[in-house]
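Visitor: Sequence lines, in order, name chains A and B.
Here this note's numbering is used: the first residue of the first sequence is 1, the next is one more, and so on.
Here this note's numbering is used: the first residue of the second sequence is 1001, the next is one more, and so on.
Keep in mind the hints are simulated off the structure, nothing from the lab.
Any given hint might turn out to be false.
For each label pair, taking beta carbons as the anchor points, the in silico distance ranges come out as [claimed, not checked]:
| hint | chain 1 | residue 1 | chain 2 | residue 2 | range |
| --- | --- | --- | --- | --- | --- |
| 1 | A | ARG125 | B | LEU1121 | 27 to 37 Å |
| 2 | A | ARG125 | B | ASN1312 | 53 to 63 Å |
| 3 | B | ALA1077 | A | GLU46 | 32 to 42 Å |
| 4 | A | SER473 | B | ARG1134 | 57 to 67 Å |
Think about it this way: if two alpha-carbon atoms lie no more than 25 Å apart in a straight line, the pair counts; the simulated DMTMM-like pairs of lysine to aspartate or glutamate are [claimed, not checked]:
| hint | chain 1 | residue 1 | chain 2 | residue 2 |
| --- | --- | --- | --- | --- |
| 5 | A | LYS66 | B | ASP1006 |
| 6 | A | LYS299 | A | ASP342 |
| 7 | A | LYS349 | B | ASP1319 |
| 8 | A | LYS349 | B | ASP1318 |
| 9 | A | LYS349 | B | GLU1009 |
| 10 | A | LYS349 | B | ASP1317 |
| 11 | A | LYS349 | A | GLU379 |
| 12 | B | LYS1338 | A | ASP300 |
| 13 | A | LYS349 | A | GLU46 |
| 14 | A | LYS349 | A | GLU290 |
| 15 | A | LYS66 | B | GLU1049 |
| 16 | A | LYS66 | B | GLU1187 |
| 17 | B | LYS1210 | B | ASP1056 |
| 18 | A | LYS66 | B | ASP1055 |
| 19 | A | LYS349 | A | ASP300 |
| 20 | B | LYS1210 | B | GLU1180 |
| 21 | B | LYS1338 | A | ASP146 |
| 22 | A | LYS349 | B | ASP1055 |
| 23 | A | LYS349 | A | ASP389 |
| 24 | B | LYS1210 | B | GLU1049 |
| 25 | A | LYS66 | B | ASP1007 |
| 26 | A | LYS66 | B | ASP1155 |
| 27 | A | LYS66 | B | ASP1008 |
| 28 | A | LYS299 | B | GLU1071 |
| 29 | B | LYS1272 | B | GLU1187 |
Note that CB positions come from ideal geometry on N, CA and C, so glycine has one too.
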Amino acid sequence: MARTLAAATRRVLGSRRRDDRAAAVPDASGADAALVADLVEAVGAERVRADAAARYLASRDASIYKEGNAGPVCYPGSTSDVVECVKVATRHGRAVSPRGAGTGLAGGAAPLGQPVVLSMTRMDRLLEIDLDNGAAWVQPGIVNLDLTRALAPHGMHYAPDPSSQAACTIGGNVANNAGGPHCLAYGVTSAHVLAVEVVMSDASVVTLGDLTAEPAGYDLRGAFVGSEGMCGIATAVAVRLTRNPPAVRTMLLSFDDVSDAAATVSAIIAAGIVPAAVEMMDQRCVAAVEDFAQAGYPKDAAAVLLVEVDGPAGGVAIAADRVAGIARRNQAVSVRTAADDDERARLWKGRKSAFGAVANVMPDYYLHDTVVPRTRLVEVLEQIYDIVDRHDLLVLNVFHAGDGNLHPILAYDSRVPGAGERVHAAGREIIEMSLDMGGALTGEHGIGVEKREYMNRMFSAVDLDQQSRLRASFDPHCRMNPGKVLPSAHSCSDIGALRASDAAGVWG
Amino acid sequence: MHLGLDDDELVACVACGLCLPHCPTFVITGRDTESPRGRIALMRAVQNEGAPVTDDLIRSMETCVQCRGCETACPSAVPFGHLMEGTRAALAGAGRITPRWQRLALRVLRRRRLLLAGSTLLALAIRLRLVPTRRLGLPARMPLRRPPLRTSGDDVWLFTGCVMDAWQRDVHLAVQRVLEAAGAGVEPTGGAAPCCGALHIHAGLEAETKAMARSVMDALSGDDRPILVDAAGCGASLKDYGHLLGTDEARAFSARVYDVHEWLAAHLDELKSRRPVEPLDMTVAVQDPCHLRHVQRAHQAVPAVLSPFVANVVALDDDGLCCGAGGAYSVMEAELSKAIRERKTAAVARSGATAVASANPGCSLHLAAAGLDVRHPLELVDQALSASR
Chain A
1 MARTLAAATR RVLGSRRRDD RAAAVPDASG ADAALVADLV EAVGAERVRA
51 DAAARYLASR DASIYKEGNA GPVCYPGSTS DVVECVKVAT RHGRAVSPRG
101 AGTGLAGGAA PLGQPVVLSM TRMDRLLEID LDNGAAWVQP GIVNLDLTRA
151 LAPHGMHYAP DPSSQAACTI GGNVANNAGG PHCLAYGVTS AHVLAVEVVM
201 SDASVVTLGD LTAEPAGYDL RGAFVGSEGM CGIATAVAVR LTRNPPAVRT
251 MLLSFDDVSD AAATVSAIIA AGIVPAAVEM MDQRCVAAVE DFAQAGYPKD
301 AAAVLLVEVD GPAGGVAIAA DRVAGIARRN QAVSVRTAAD DDERARLWKG
351 RKSAFGAVAN VMPDYYLHDT VVPRTRLVEV LEQIYDIVDR HDLLVLNVFH
401 AGDGNLHPIL AYDSRVPGAG ERVHAAGREI IEMSLDMGGA LTGEHGIGVE
451 KREYMNRMFS AVDLDQQSRL RASFDPHCRM NPGKVLPSAH SCSDIGALRA
501 SDAAGVWG
Chain B
1001 MHLGLDDDEL VACVACGLCL PHCPTFVITG RDTESPRGRI ALMRAVQNEG
1051 APVTDDLIRS METCVQCRGC ETACPSAVPF GHLMEGTRAA LAGAGRITPR
1101 WQRLALRVLR RRRLLLAGST LLALAIRLRL VPTRRLGLPA RMPLRRPPLR
1151 TSGDDVWLFT GCVMDAWQRD VHLAVQRVLE AAGAGVEPTG GAAPCCGALH
1201 IHAGLEAETK AMARSVMDAL SGDDRPILVD AAGCGASLKD YGHLLGTDEA
1251 RAFSARVYDV HEWLAAHLDE LKSRRPVEPL DMTVAVQDPC HLRHVQRAHQ
1301 AVPAVLSPFV ANVVALDDDG LCCGAGGAYS VMEAELSKAI RERKTAAVAR
1351 SGATAVASAN PGCSLHLAAA GLDVRHPLEL VDQALSASR
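Chain A with its partners taken away, still in its complex shape:
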């Protein structure tokens, strides 16, 4: 009886396991059969998916751009896996598009023209902490916040902290030269990436930059950071470690008028104070996040500022007093200082969940992240509210006030006929207005596909041509994340057009 029972058990378990194996073999039918077979041969069946569901999901990021069209999806585990995937893709005449956590807001990770998608999520290890050089080597799929947590025992952290830091990856941060609230004082990603190991479009592996302060030659590392996947695939990143400040003070200032909040920001900077972060949220945004964060944000305030000062304890106390004084002189209704780390964490949780909380108001949103001169913030905000009113839309304003980086979130319901068109029209006006005020197209979210069309408005043909030539020097055949950033006349978006026609065939 014992044997029978054991055999029966084995049969049940065995059949289950066979099922799993069957599911692990990618769908090798269809036009990509040969390509998929070669990818499986190169990196193993466990690291390749080619079914409709996997490709459908790999075609999109957190933006509203839904026209991406992924080929087979690979999940490399090492630099050599990436090299193999690039070789196979090239052999089959296909491009390669990298992907981190898919939290991007400009369609940068949305693949065009059915490239092989390299999802870097499994390359998520912290390779080495080098305290002597104040650096750490990490794989690109490591989550930004996980890196900071791993550095905590050493009293260190990784300074750039995009709002999506709990989910987004360092690879994606490098691609977009990501910012974050604390970049006001500490600088954006580019200032915190010392070197990058890159798999180039010809499948060679190079290291750009090094751990010394002044590397010899051209700053190719600097050219790579922010290139949105078009200059190669980062497979290891040396990041700069930042020592945790000895003291931190986080203050919540609330105002009855948005312009008082904006005036406070300018006054703080004018006073020579460099806070670690200065963030603004307007009333609608506060209402959306407070239910989730339970941080005690005042829902009745027209606008709130989240100001953080850090450094040696004495200096922090003085700076905090000065900030509070400036706020009161600018009609702040209340000035609250977080009592402990828990309260600080909840305040930041509220700020950093702003985009995700939009569905509390409306199911869809569209946003731009233009940068405007800080001195014109009041004027710009008035115009944004005006534009939005004219298009009968809702806007939630949340932004890095300290460096004038706006995030007007246009919330809408895509099920309402015409809502999408109104949102795009309003978005265009916001961009035009921002540029007319002397601003820039994007602060940190990247151009991706979403903002390509505005590049001509910002740059001259000569500028764009130079950008295109820089890209071509890395990737002469446009095999790396093609169709992004550069407007069509200056890019290889013809590769995208090549296979865009069979978009409908992705599903099923």
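Guided by the hints, dock chain B onto chain A, whose structure is given.
Guide: Chain B alone, transformed into the frame defined by chain A:
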């Protein structure tokens, strides 16, 4: 295929991705198909865009543990649990998931005598080493005899459930002693309400679950006594009857349901005032069952109740990430379930604890199968109380 999902619930995800690090299957696989955001996008593709229900899409839904860790991480409060339950109900209704043998096995859970007799048989088979317990995730030893349930008063109900009553009745008895020490007269539900239906709704058997919910409500109606539950999964299920049945009666019933720790945390003074207690000299890590932390959101009651009775109560540093048990998930998706569990056992090792307190039978069986010393939190409280008796 229309999945029958509420359109407003389905469109509420803005795909921000903040759920990703809180999804055990995404953390393990790194694949969007195994993430909450991805699963919602696939549900939309099927319901709104008419995408076909492929085997791969079904895999994406079947690999979800239904821990609902994504819900507490979601700034827009997307009701993922409802969406997944609805999707599974549609798939099970179409015969695409939950095969016949699984439906039969689940039917046993509401047949109390059959379940108790079968469990005794299983316990015997385990003693005779006829069953590969490790591979099946079964306990290495199960009770051959169960001390009878007894009623000590009519202040509160103690919901005893199905598998837990058959396999872990000792826990119910310990819980009852603790409740009595806090001054409450306890009536165990026993055969009157044999099963809450949690595993059935997870498997997509919606009609069956509704019938079970009605019978549980009938058995426990007639008074407004609090219904205390010492299994987090059952507690979550009973608290959801209001939503499941959508009637005022069901909502009133759900309002009477408390996790036993939740109730004790509000009666801690009574419990502590009875007699001076020497805390157990041990380091215990609290494992938050997902259905206590993410669904009932009452997990903070466990350390609150435990702390006066155990010298060193420590929290785990894994943000409450699921342990991979998921009711029948540990059997149905054994490989993924074990990979998820490894992260939990690593967190326990980091905590320095020698024992783990878990308030859910599924989690406790699953973790014990990995070699951890797992106790119900109130077993520890009972131990401390009886030591100083």
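Visitor: If a hint holds in the structure, say so; if it does not, say that too.
Guide: Hints, one by one, checked against the model:
1. Checking the proposed 27 to 37 Å range against ARG125(A) and LEU1121(B) shows it is violated: the Cβ atoms sit about 47 Å from each other.
2. For the hinted restraint 53 to 63 Å between ARG125(A) and ASN1312(B), the CB-CB distance of approximately 32 Å leaves it violated.
3. In this structure, ALA1077(B) and GLU46(A) meet the distance hint of 32 to 42 Å, their C-beta atoms being roughly 35 Å apart.
4. Checked against the hint of 57 to 67 Å, the C-beta distance between SER473(A) and ARG1134(B) comes to roughly 58 Å, which is consistent with it.
5. With a CA separation close to 22 Å, the supplied pair LYS66(A) and ASP1006(B) stays within the 25 Å bound.
6. Our distance criterion of 25 Å between C-alpha atoms is met by LYS299(A) and ASP342(A), whose separation comes to about 20 Å.
7. A distance of roughly 14 Å separates the Cα atoms of LYS349(A) and ASP1319(B); the hinted pair therefore holds under the 25 Å criterion.
8. A C-alpha spacing of about 17 Å is found between LYS349(A) and ASP1318(B), which places the hinted pair at or below 25 Å, so the restraint holds.
9. Of the pairs offered as hints, the one joining LYS349(A) and GLU1009(B) holds, with about 23 Å between alpha carbons and a cut-off of 25 Å not exceeded.
10. Restraint check for LYS349(A) and ASP1317(B): the C-alpha separation of about 18 Å stays at or below 25 Å, so the hint holds.
11. Proximity of LYS349(A) to GLU379(A) is assessed by CA-CA distance (about 29 Å); at most 25 Å being required, the pair is judged violated.
12. Using a Cα cut-off of 25 Å, the hinted pair LYS1338(B) and ASP300(A) is violated, with the two alpha carbons roughly 48 Å apart.
13. Between LYS349(A) and GLU46(A), the direct Cα distance comes to roughly 36 Å. Violation of the 25 Å bound is thereby established for this hinted pair.
14. Taking the CA atoms of LYS349(A) and GLU290(A), the gap is about 10 Å. The hint holds against a cut of 25 Å.
15. With a CA separation close to 13 Å, the supplied pair LYS66(A) and GLU1049(B) stays within the 25 Å bound.
16. Proximity of LYS66(A) to GLU1187(B) is assessed by CA-CA distance (about 57 Å); at most 25 Å being required, the pair is judged violated.
17. The hinted pair formed by LYS1210(B) and ASP1056(B) fails the criterion: a straight-line CA distance of about 29 Å is larger than 25 Å.
18. Only pairs whose Cα atoms come within 25 Å are accepted, and LYS66(A) paired with ASP1055(B) is accepted, the gap being roughly 23 Å.
19. A threshold of 25 Å between alpha carbons decides the hint, and for LYS349(A) with ASP300(A) the separation of about 19 Å falls inside it, so the pair holds.
20. The hinted pair formed by LYS1210(B) and GLU1180(B) fails the criterion: a straight-line CA distance of about 33 Å is larger than 25 Å.
21. Of the pairs offered as hints, the one joining LYS1338(B) and ASP146(A) holds, with about 22 Å between alpha carbons and a cut-off of 25 Å not exceeded.
22. For the hint linking LYS349(A) to ASP1055(B), the alpha-carbon distance of about 38 Å lies beyond 25 Å, and the restraint is violated.
23. A threshold of 25 Å between alpha carbons decides the hint, and for LYS349(A) with ASP389(A) the separation of about 29 Å lies outside it, so the pair is violated.
24. Among the hinted pairs, LYS1210(B) with GLU1049(B) is inconsistent with the structure: their alpha-carbon atoms are about 30 Å apart, more than 25 Å.
25. A hinted pair counts as satisfied when its Cα atoms are at most 25 Å apart, and LYS66(A) with ASP1007(B) qualifies at roughly 19 Å.
26. The hinted pair formed by LYS66(A) and ASP1155(B) fails the criterion: a straight-line CA distance of about 57 Å is larger than 25 Å.
27. For the proposed pair LYS66(A) and ASP1008(B), the alpha carbon gap of about 20 Å is at most 25 Å, so the pair holds.
28. Restraint check for LYS299(A) and GLU1071(B): the C-alpha separation of about 23 Å stays at or below 25 Å, so the hint holds.
29. Restraint check for LYS1272(B) and GLU1187(B): the C-alpha separation of about 22 Å stays at or below 25 Å, so the hint holds.
Checked against the numbered hints above, the structure breaks hints 1, 2, 11, 12, 13, 16, 17, 20, 22, 23, 24 and 26 and satisfies the rest.
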